[in-house]
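Take any residue in the sequence shown, count from 1 to its spot, add 1: that is its number in our numbering.
Honestly, the hints are just simulated from the structure, not real lab data. Careful, some of the hints might be misleading.
Label pairs and their calculated CB-CB ranges [to be verified]:
(1) Leu-6 <-> Pro-79: 31 to 39 angstroms
(2) Ala-104 <-> His-13: 43 to 51 angstroms
(3) Gly-106 <-> Ala-45: 18 to 26 angstroms
(4) Pro-102 <-> Ala-12: 21 to 29 angstroms
(5) Gly-139 <-> Arg-34: 12 to 20 angstroms
Just so you know, even glycine gets a beta-carbon here, dropped at the ideal spot from N, CA and C.
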Amino acid sequence: MANSLRGELTAHCYDLLGSVHEAEDQVQETLLRAWRQMLDQYAAAFETGDMSVLDVGQAEPDVLTGREIVARQLQLCPTLGNCRMVPSTVAGKPGFAVYRPAADGVLRAHALEVLDVSDAGIDGITVAEDRGMSVLYGLPMTVEVGAPARRSR
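Take the sequences, apply the hints, and build the full model.
In structure tokens, the structure reads:
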């Protein structure tokens, strides 16, 4: 629903702020707040390796919804339980920079994930395993091991 109202929200913000760039930024922040609880669940599941925190709902036997497919695919991911997730916005969609520990213990940029979300939850994930993508979106190449990387709930 939020995505379907994006144009109207941007127009309203433009009327208030008088700048297309500022209006788009404000809409991004608003949508991120709307998606935040879902994103916190996703990041917590990924960082801890505990997929039970994801609300994937229940479907009929032998029928997988988009969220169930995502949850099953995540279980196969090598970074599951061994990473730090830093929230970001990529092309108007919520996402995360994924940081993995290197041999020296420093958490280094590993990938950029972009989530396809709907009112029902996470419907898909696009992963760019290009460490330079983090810099392109204003994210650091490394994060401190002990520092919190995302807002607490």
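Hint check:
As the Cβ distance of Leu-6 to Pro-79 is approximately 37 angstroms, the hint placing it in 31 to 39 angstroms holds. Checking the proposed 43 to 51 angstroms range against Ala-104 and His-13 shows it holds: the Cβ atoms sit about 50 angstroms from each other. With their beta carbons about 22 angstroms apart, Gly-106 and Ala-45 fall inside the hinted range of 18 to 26 angstroms. Evaluation of the 21 to 29 angstroms hint for Pro-102 and Ala-12 yields a failure: the beta carbon distance comes to about 44 angstroms.
Hint check: Gly-139 to Arg-34, Cβ distance near 19 angstroms, so the stated range 12 to 20 angstroms holds.
Taken one by one, the earlier hints fail for this structure only at number 4.
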